[in-house]
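Engineer: Sequence:
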Amino acid sequence: MTPEIIAKIFPNELPSIEEIEKKYPPRALQPGQKVTRVAPSPTGFMHVGSLYAALVSERAAHQSGGVFYLRVEDTDQKRKVEGAVEVICKSLARYGIVADEGVNENNQDYGPYAPYTQSERKEIYQAYAKKLLTEGLAYPCFCGAEELDLMRKIQEKQGQRPGYYGKYAHCRPLTDAQILENLNAGKPWILRFKSMGDNNKRMLIKDLLKGDVNMPENDLDIVILKSDGLPTYHFAHAVDDHLMGTTHVLRGDEWLSSVPLHIQLFVALGWKAPKYGHIAPLQKSDNGNKRKLSKRYDPEANITYFWEKGYPETALIEYLLNLINASFEDWRRTNPDKDAFDFPLNFNKVSNSAGALFDFQKLNSISKEVIARMTADEVYQALSAWAKTYNPAFADRLSANRDYYLHILNIERNIGKKSRKDFIKWSDIEADTAYFFDDTFTRDLESFAKEINLSVEELKAVAAEFKAVYRAEDDKNTWFEKIKVIAEKHGFASDMKSYRETPEKFKGSISDISNVLRIFITGRTQSPDLHAIMQVMGTNRVLSRLEA
RNA sequence: GACCCUAUCAUCUAGCGGUUAGGAUACGACCCUCUCAAGGUCGGUACACGAGUUCAAAUCUCGUUAGGGUCGCCA
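Reminder that position 24 of the first sequence reads as 24 in my numbering, one-by-one numbering, no gaps.
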């Protein structure tokens, strides 16, 4: 490539390679410290899979005492969305994933390798592209989109491997004179990598998560600089991960097949390639088949889905940890009080599946456990925060009745293994606790009376009798003894054993009488501990509900 | 189509030549119990198929089949 051509392609002054390397020196790392990154595109959409990859990367770095950073990959200006960086930062922060370097939610860089936004690193990529061009490892290509489309169609029709390689790499053999002619004619160009690979040769890739993979070398002359002067993912990956000192690239499975290319790029640029680990995609069951969780079709692919439903952040994190290391649940059982981030993720024992189905039943079960481990105060805080955005009316009620809710949420809570686990997500709670408030309390005495074969009058009599003896200060035993007395008086068995032995001797059992009271108090036949509920409701409310 | 990856209960998985194939979720039963939830006990269901190698295969090899991923001036 003549200096004239190079000058035409890069008319503007670019920083020298020396300057760049000096500005971004290698990191001083202790042995074993890993440097990883999360590198999302600012599309305004955060995929659960991205969170998954971010979590794994963050753990890898921080478990090793290394560095985890955030890089914004906005080289596709068409897909760029305003405010997307904020979405990314907030999403990660929400799940406790903090980058040591990168871009913050106000779009400000922090850290020694700034800028961390690719569109702001244009000159850097161009400097390296120029270097490759000078060394004959890259060349300008003048093929238009239609020409490439046509070529691909022909290749497909002929059963050829599609792509820009070999005899299909039309611009690769162009002479300097031809290139200059095109340039002078003002033909639009892009820059392609001149691959030195041979598709018939094979290379061994040592993947951290997948193990050894044998793949053909890359022989595609891929685009490194697009017509807008910005790099493609592949080129930006090589440049940035070199300059930013990434030691371990942990990313989605969809990149596995580009590893031969990426390694080639590192070789061409004279750099050491990072270690790679590819994470299997999250899948979804679809008509008996599995497919990747899709942004287009699956609402749960979007991280905001879990916010709307009100899954505690820890629940999702624990679910994801469980997916990458199935031993998580054993660890959790033996370490019920530890933070999920204390779990030692084992990268040698990663579940090596083709991609796990996202299992809501499992998530739900984990979520129940997570909520059950929280204190009433923690639940109240998280619930309020959720409601503020997703159920403002409920949020108002929560803040207006703070103490009452703290007591409600504390029913049968933090009593060890037997703690209630009936809340899966925050959105469950409003309806489940509605009966504590008079304006949302409803009951249907008649259908219940029918259910247990009693008249409404009898029901009312039971309630009235209980009302007469009810004392808020009664402990649970005293309270229950009073119910037993009423049961016996009405011909109901006062304990379940004798009822079960000779049901014909009774009109019903203590459970029916308890349920009469339950219906009066809660309007339901199922509830948490009735005594506790009455305690929480307070004497006045209890008495007025027994009034009927 | 080509190239890769994967194949153990319904689901997530443990297993790395000799196991009654283990756990979790879900499901069912029983116990506990004032209902529900929880808890406890128990239960059913799995090595895709076919060849090898071996005294011995879920485990190693090959093939078949199935599923997934990738083949862009998207990342």
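Hints in this document: simulated from the structure, not taken from any laboratory. Any given hint could be a false lead.
For each label pair, taking beta carbons as the anchor points, the in silico distance ranges come out as [as the list claims (entries may be wrong)]:
| # | residue 1 | residue 2 | range |
| --- | --- | --- | --- |
| 1 | 18 | 346 | 51 to 59 Å |
| 2 | 94 | 227 | 35 to 43 Å |
| 3 | 305 | 346 | 26 to 34 Å |
| 4 | 361 | 254 | 21 to 29 Å |
Ideal placement from N, C-alpha and C gives every residue a C-beta, glycine not left out.
Engineer: Give a verdict on every hint.
Structural biologist: Going down the list of hints, with the structure as the test:
no.	hint	verdict
1	18 / 346: 51 to 59 Å	42 Å, violated
2	94 / 227: 35 to 43 Å	37 Å, holds
3	305 / 346: 26 to 34 Å	29 Å, holds
4	361 / 254: 21 to 29 Å	27 Å, holds
Going down the numbered hints, you'll see the structure goes against just number 1.
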